[in-house]
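Chemist: Take the sequence shown: its letters are residues -25 to -1, 1 to 216, numbered as in mature numbering (1 follows the signal peptide of the UniProt record, and there is no 0).
Since the hints were made in silico from the structure, they are not lab data.
For glycine and all other residues, C-beta sits at the position ideal for the given N, C-alpha and C.
Some hints here could point you the wrong way.
[Unchecked claim] DEER-style ranges, computed between Cβ atoms:
#, residue 1, residue 2, range
1, 212, 15, 25 to 31 angstroms
2, 121, 60, 31 to 37 angstroms
3, 37, 128, 21 to 27 angstroms
4, 149, 108, 28 to 34 angstroms
5, 27, 183, 34 to 40 angstroms
[Said to hold, decoys possible] In silico DSS-like pairs for lysine-lysine, Cα to Cα no more than 30 angstroms straight-line:
#, residue 1, residue 2
6, 161, 114
7, 208, 56
8, 207, 154
9, 165, 63
10, 161, 207
11, 114, 165
12, 114, 208
13, 194, 154
14, 194, 208
15, 207, 168
16, 59, 207
17, 30, 59
18, 208, 168
19, 194, 144
20, 208, 30
21, 30, 207
22, 56, 194
23, 165, 154
24, 194, 161
25, 30, 56
26, 157, 168
27, 114, 157
28, 63, 157
29, 114, 144
30, 165, 194
31, 161, 144
32, 157, 208
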Amino acid sequence: MNMFLRPAVFTALILFLLLSRNALSATNLPNGPSQNTPIDVHALDCHPNLTQIDKDLSENPALHSRLELLILKARLLRDNKTIKGARKEGLQTIDAGILSAHQAETDNPGVSWPWAMEGMLDLLKTQYLHFPAGMRYGKLASRANSQALALEPDDPDSNLSRGLEDYYKPWFVGGSYVKAEKRFRKALAKSPKDPRILSWNGLADLALDRDQLGFQELKEAAGLCPDNPIYKKRLLTRRPR
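Produce the complete structure using the sequences and hints provided.
Modeler: Next up, the structure:
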């Protein structure tokens, strides 16, 4: 028996061993971040936890979930007086969200949600910066909302975002509680148990002196999400903030 392997056989054996080792190593590697991490953002809206939001963001969720998380985080930080640097962190969160929205618009042509979320983020930035610094972002919000509605006129997020614009915009540049209420009502028809949409219907109805209906909607939203300080405060003050 020949005790020595021929060169060709020896080379083949070495390649086999190397490939086998690589295959085994690959099976033992931990999974990297998923682009499709399922996140129940509506549940987080009802039980807001900034630590959990940051954890979910660190796990590289899909762009849609990432944008929802960033919007929720910016909303929670907006009027927070207990966290040092909350305003600065909120603005950084919004800027990260706007960049993600632009990426989503490029990656998902022909759908409305990236534009609707850009509109919400731009409007949040106007609320953080106030007049006159925030005016530029109000115009950007209007542009994004128009694009979202052109793509999907019945989409609840698109109608919510335009409704928010109409609610906050001064009357002399086209703002109107009547217009806002119509948008919120259209959004509610598609998402009747969305606490955020319910709450905004309530605020619009109160602004239009429909006190009984408005209070009932605020109460229902707070009942769906009893741990969210935003809905709880609105029920007590009957004001958006």
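Chemist: Checking each numbered hint in turn, tell me which of them this model violates, lowest number first.
Modeler: Violated hints: 4, 9 and 28; rest satisfied.
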